[in-house]
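Okay, here's what each chain looks like letter by letter:
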Amino acid sequence: MALLEVADLGVRYGPIIGTDGISFALDDGEILALVGSNGAGKSSTLKAILGMAPYPAGAISFAGAALRGCKPSEIVRHGIGYAPEGRRVFSAMSVSENLRVGGFARSAHDNAARIRRLYDYFPRLAERAGQRAGSLSGGEQQMLAIARALMPRPRLLLLDEPSLGLAPIIVERIGEILREIQVAEGLAVILAEQNANWALSLAGRAVILELGKVAATGAAADLLRRPEIRRAYLGA
Amino acid sequence: MFTPTLLAQVVVNGLSLGAIYVLVALGFTLLFGIMRVVNFAHGAFAVLGGYALYYLYGQYRLPYILAVPLSALLVAVISLLLERCVFRWFYQKMFQSMIGLLGLNMALVFGSVIIWDTYERAIPPAFNGMLQLGGVILPLDRLMVVAIAAAILALFWLFMSRSRWGLAMRAAAQDVEIAEAQGIDTLSTYRLAFFIAIFMTALAGGLYAQIYALSPFMGDRPLVVAFIAVILGGMGSIPGAALGGLILGFTESFLSTFYGATLSAFVSFGVVILLLIFRPWGLLGTPE
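Protein chains in written order, with my numbering: chain Y, 1 to 236; chain W, 1001 to 1288.
Accuracy of the hints is not assured; some may be wrong.
Derived contacts from chain Y toward chain W, CB cut-off under 10 Å, selection only [unchecked claim]:
| id | residue |
| --- | --- |
| 1 | V76 |
| 2 | R88 |
| 3 | F90 |
Source of the hints: derived by calculation from the structure; they are not laboratory data.
All C-beta atoms, glycine included, are put in the ideal place defined by N, C-alpha and C.
Make a model of the complete structure from these sequences and hints.
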């Protein structure tokens, strides 16, 4: 059974259509790229999974449980972490306090051990542990947003545009760290990205969205070879 | 006129008044900073705190040190009903909350008039003595107010900076959607912030009623002062509210002792108007 199943998802914001019948599934430990231009429905899909966007149509189930009607704080406890678009770290708090917010549902003892583990993955954050999150660089803030989402040891991590506004070298570094964590913890990731080249290089499979619908889906390596996809999404 | 005894009393009066204002202002800023609710009924909760202390200490003769926190606790627990029926509808709706809670204020104040009538009651002082320090004589009851308020403020500070729920409240104040997405239940956080805010305000109301006099209209002054203190310090800023409350307490104590209450009120408001012109985000707030 798949870890996450999204079936015929229709997100609506009043009269505005967020997604229009998206379906895909994801297994444990898999990285799935969700690729498409602005407004294709990537963010809406992630928000619906987390219970932050209403979906009158369709169903989402995680580890066999239907998520409809659950509050985001409950869905997080099921084992889903979320690093939002634009990072949205708690800028007035220190790096370590941000991480403790991420571990809110767990004991202080668990959190201390988990923070040490995450500092191993993200040594830059360890150096900045006592610093205000608002004073970090964009790349460090993105790392913090990811680490915060990883605090409760989720089985699935939702990443919304992690490469946005970052230098290519930082984006590569974040990709390496993600891969390391995926291998070490068996983490599944949904990577919603406009930077399709990077997302497809990290992912095993990809779903390409267009105007709220699935335009193509398949193994990332295959999609990278298809000429019409290269033309439309990879700038080649 | 500036004898050491008089000056020392002005300082102690300023400190006790300031401490009360800080408690009221912190409650106010907590409600605004976390739920975006402008609580125009804030003074009414101070009044309820006053009556609670009047009964628990003045009538039923509980030990003072027990009666003060217990009366505030009583008001905060009963107020959870108002949280459920009234406040919850106004969370994150700033303008609606102003009108709605102005209405709640009237309901509570005139409800108090129906129950307790308009005449002023006195809560007997807990300590009558004077403390003699060198050449300086200080009233013990005022020192007690300072001590109680300081203890509550220290607890509040520890709670906000160290505890898990304090962290959750700070996170919710900054970005409630993301706090929820990190596993923090928004409604529970709101309810807790409400409870703490009302507890501090009711406690301050008890102390205030004991220093002055208790009536259903007693809450107007603490409400206005909380409003000024919060604007002075910066909307939603916790250290700002504390600083604003202290400044107002001292200004009032000093000016009303030497120049009369009218001038004192005039200066307090005047300073806020000037501040709003030149630094509209307050002393410790952040510009938008």
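Now the hints, each set against the structure:
| no. | hint | in the structure |
| --- | --- | --- |
| 1 | V76 | holds, 4 Å |
| 2 | R88 | holds, 5 Å |
| 3 | F90 | holds, 5 Å |
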